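Protein chains: 2
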Amino acid sequence: MLPRVTGAESLLRTLAANGVDTCFMNPGTSEMHFVAALERVPSVRGFLCLFEGVCSGAADGYARVTGNPAATLLHLGPGLANGLANFHNARKARSPIVSIVGEHATQHLKVEAPLTSDIAAFARTVSDAVRVASGTDDVGPAASATVESAWGPPGQVATLIIPADYSWSQTDVVGWAAQRRQRCVPSGCTIDRARRAIREGGAAILLGGTAVNPRGLSAAGRTGARVVTARNVGKIAWGRDRFPAAQVPYFPESAMPFLQDVRSLILVETEPPVSFFAYPDTPSEMAPADCEKIVLATREQDGTAALDALADGMPPIAIPTVEPVTALRDDAALTVDSVGVSIAALVPLNALVADEMVSSAAKVLGHLAAAAPHEFMPVTGGAIGQGLPVALGAAVAAPDRKVIALEADGSGMYTLQALWTMARHRLDVTVVIFANRRYRILDIEMKRTGANAIGDAVNNAIDIGRPRLDWVKLSEACGVEATRAATNREFAMQFEDAMKRPGPRLIEAVLP
Amino acid sequence: MLPRVTGAESLLRTLAANGVDTCFMNPGTSEMHFVAALERVPSVRGFLCLFEGVCSGAADGYARVTGNPAATLLHLGPGLANGLANFHNARKARSPIVSIVGEHATQHLKVEAPLTSDIAAFARTVSDAVRVASGTDDVGPAASATVESAWGPPGQVATLIIPADYSWSQTDVVGWAAQRRQRCVPSGCTIDRARRAIREGGAAILLGGTAVNPRGLSAAGRTGARVVTARNVGKIAWGRDRFPAAQVPYFPESAMPFLQDVRSLILVETEPPVSFFAYPDTPSEMAPADCEKIVLATREQDGTAALDALADGMPPIAIPTVEPVTALRDDAALTVDSVGVSIAALVPLNALVADEMVSSAAKVLGHLAAAAPHEFMPVTGGAIGQGLPVALGAAVAAPDRKVIALEADGSGMYTLQALWTMARHRLDVTVVIFANRRYRILDIEMKRTGANAIGDAVNNAIDIGRPRLDWVKLSEACGVEATRAATNREFAMQFEDAMKRPGPRLIEAVLP
Chain Y
-7 MLPRVTGAES LLRTLAANGV DTCFMNPGTS EMHFVAALER VPSVRGFLCL FEGVCSGAAD
53 GYARVTGNPA ATLLHLGPGL ANGLANFHNA RKARSPIVSI VGEHATQHLK VEAPLTSDIA
113 AFARTVSDAV RVASGTDDVG PAASATVESA WGPPGQVATL IIPADYSWSQ TDVVGWAAQR
173 RQRCVPSGCT IDRARRAIRE GGAAILLGGT AVNPRGLSAA GRTGARVVTA RNVGKIAWGR
233 DRFPAAQVPY FPESAMPFLQ DVRSLILVET EPPVSFFAYP DTPSEMAPAD CEKIVLATRE
293 QDGTAALDAL ADGMPPIAIP TVEPVTALRD DAALTVDSVG VSIAALVPLN ALVADEMVSS
353 AAKVLGHLAA AAPHEFMPVT GGAIGQGLPV ALGAAVAAPD RKVIALEADG SGMYTLQALW
413 TMARHRLDVT VVIFANRRYR ILDIEMKRTG ANAIGDAVNN AIDIGRPRLD WVKLSEACGV
473 EATRAATNRE FAMQFEDAMK RPGPRLIEAV LP
Chain F
-7 MLPRVTGAES LLRTLAANGV DTCFMNPGTS EMHFVAALER VPSVRGFLCL FEGVCSGAAD
53 GYARVTGNPA ATLLHLGPGL ANGLANFHNA RKARSPIVSI VGEHATQHLK VEAPLTSDIA
113 AFARTVSDAV RVASGTDDVG PAASATVESA WGPPGQVATL IIPADYSWSQ TDVVGWAAQR
173 RQRCVPSGCT IDRARRAIRE GGAAILLGGT AVNPRGLSAA GRTGARVVTA RNVGKIAWGR
233 DRFPAAQVPY FPESAMPFLQ DVRSLILVET EPPVSFFAYP DTPSEMAPAD CEKIVLATRE
293 QDGTAALDAL ADGMPPIAIP TVEPVTALRD DAALTVDSVG VSIAALVPLN ALVADEMVSS
353 AAKVLGHLAA AAPHEFMPVT GGAIGQGLPV ALGAAVAAPD RKVIALEADG SGMYTLQALW
413 TMARHRLDVT VVIFANRRYR ILDIEMKRTG ANAIGDAVNN AIDIGRPRLD WVKLSEACGV
473 EATRAATNRE FAMQFEDAMK RPGPRLIEAV LP
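Heads up: the protein sequence lines correspond to chains Y and F, in order. With the numbering used here applied, the first sequence covers -7 to 504. With the numbering used here applied, the second sequence covers -7 to 504.
There may be inaccurate statements among the hints.
Claimed, not checked - Okay, the calculated bits of chain Y under chain F, using three or more residues with CB under 8 Å as the criterion:
{"no.": "1", "segment": "19 to 28"}
{"no.": "2", "segment": "90 to 100"}
Said to hold, decoys possible - Just a few of them, taken from the derived set where beta-carbon distance is under 10 Å, the chain F residues facing chain Y:
{"no.": "3", "residue": "118"}
{"no.": "4", "residue": "121"}
{"no.": "5", "residue": "452"}
Bear in mind the hints are in silico, worked out from the structure with no lab data behind them. Small disclaimer: the values here were computed from a predicted structure and weren't measured. Think of the CB as a built atom: it goes at the ideal place given N, C-alpha and C, for glycine as much as any other residue.
Using the sequences provided together with the hints, build the complete structure.
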């Protein structure tokens, strides 16, 4: 029993007691009691974002780094709607998130107010669990249940909708200590089956979920099987001194030859790889149709422990030496490759790299294999606008690590409001904008889909360079120091400086 | 029978044949054939927007001005998700919109690709009609049916989801000429009933929907009843020389006394007024509980014709003379009132004014009653981020009229990408940013909801002035000329200049 508090305060106390102490928010009238309760539960820190897609993406980034959920606090159906695209990405990354959404007071639901909408319908599009608090006394318990859903495993976007009157009324109930289900280790016979497949030859291990960590990679390497990583994982241990596991390529014409010799595919916390998009006369599944699929660990299980068991008794293997690279400091115009080399040379140990480079990603990721060991946070759900918010959330989660957002100009425009929150909290994020002034990926896809048209109408749908976006001004307008680099020398100097000084920083890398 | 064309081209031909010739778009891979078809159906003009919320809001603005639908073209579930908030507003405005969403090719739906989602579930949250094309031959017919749904009456957000293979395959079928259902005039007995209520005294006519036009206002005035306008209408005929019909106030403590003497409420294309939000101990319905509700015209009917019939035989009434006001040109610091006065003095005849001033709206609307006759496009659904996109769509719809977006700084940040499309097409939009550097409305709501907390945590959720957003840089970065005004003289000079010169322009009005 507690002294009586508002439902909103019960919610916050429940979240805090379960370790959910970070809230990315854009509240409105129906969430005012939640905001008021932040004064009384100071262990929960609120981070205001100027657009809800920043909140949901930041919670994704926070979860990828910590493995634990942050909360988001959004305003009614439309506020939630603005967060859905990045919740979609978070769901595909299996990031745990506690999504709190305010609803009109229950007595107001019978009328058609301007902001009335079916919040649960919005939420179900991206959430594995959707709850509506059934009364003030239920707010705390529903929050505990929501935390349990978020934890998974695997992590889920779990939504809790709270009518305003349950938030402003009094209760003496807080939620319980949420129970965390442990990931279990697959049975011995599953492991034996995978071991047999490796012995027979032609086996590849596809690492996904939480297993793409140094221990998982190293264990997979020791098995002697070929090791490949899935694309849609929250983070990948990358850089030198890690077992070099190539990512399944993006385009089917590369992915299919890449996998064509695989006779058995050993799946670790992931599903068989599929192509991002469909194309005329191209299959959706990238592995050979007749290859055997062996599920070593499901999404719910502990893939790393399964790999340890699979490699049990195998000798350590030597990780091939990769030489560090040197930043390019000549006066040549920047290219995607030269930017990639200089970043690879200068990235500090243990950095967190958020990716949304789109058409530039494959080349840069290749160069980063020679960088100091770091964690790379890939695109997971393909909804544009992920990169800057994920970097923001990662920086809140790990204030002692340098965060680098590698961002395309087209994608960056989706959630550029993230820059403002980086500036407000002086977060240690360096943003590199790959400014090619086109939706370059669509130039490629236009040909690949067979549409293959050229002309003014097509160009008007792909060219984002008329007028030219000025990323230096956009960044400064949001309070983030910014510079522009057109040559290798300029980029290396600016990026090196950014790596040395803490705080937010943006570099617009002008590309052909 | 046609020469065989792609499904995408059949779609475009069907839209063009039904007068839907404007498309606000942000396409992706699954829409490449649609983009290619734009080359072959040049009567449909595509406007690229750098975020989907700009597309949906622009289509809303276009519909409010023309009464006809524009199309939007969005990419899969997450692209649609980013457009939902402004579709919500459009739905509440009863704006007709044809929302086209690309889906993965049907053979790809069996796998869980990164962008796989339940598009129809996203669409249903804001659409009155959701269709999925059932084959290539169905694309054109489904487009015709979607146009019919969009037309209503009342206007609807009608969604058509098209799998990519139906877009890229060939067909010789195009859609039919869509049939427009006419709004009908209410029966004589309904009109008699309203006439009796007016004769008995204490009647008020609440004008909504399409009836808030000069003819409807004037007819309502001639009936002798009190005339009041609903808040959630797509546009209001406003300014001098119009029958002065006050809007129902925003806050219940004003709206309830405003309506307390009403004994019968005559509803014209609208519902009884409700408060925007619920508060402890405040009812949701603003009219007295015992007042009689008379539906003179439903949302589907022709409210203007009903008012004409109601006023039949009544003499014309003199519209009270309102003197024009003069712009303020002193060196005093700007206030919301002084900005309102100067805008009212300088707005040109027949301007289109898009509102998203939030806490500043009531004062400015009051001053605009003395402006030259214009059309005011209010907030309808309360989802933030409406103002700039609605202004963009209005400018595309009416290139011969000056468009003015009156925008709060907090709301403006939601869809500032609209500025870029204004710049690309040199649209004649003047944006005024009411920069008070707070979510000022939340200062008010914090007290009104009874939460009433103060402290750093609360201030951090409401103060958007640390760091200060620089709207001049944001605007210039998107290619729109911009200035900042802190005094009455500066504002009047800048706004006057903007009214004289065509093309996009932004003024950051610095407010206390």
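Hint by hint, here is what the structure shows:
| no. | hint | in the structure |
| --- | --- | --- |
| 1 | 19 to 28 | holds (count 8) |
| 2 | 90 to 100 | holds (count 4) |
| 3 | 118 | 8 Å, holds |
| 4 | 121 | 16 Å, violated |
| 5 | 452 | 6 Å, holds |
Going through the hint list in order, the structure does not satisfy hint 4, though it satisfies all others.
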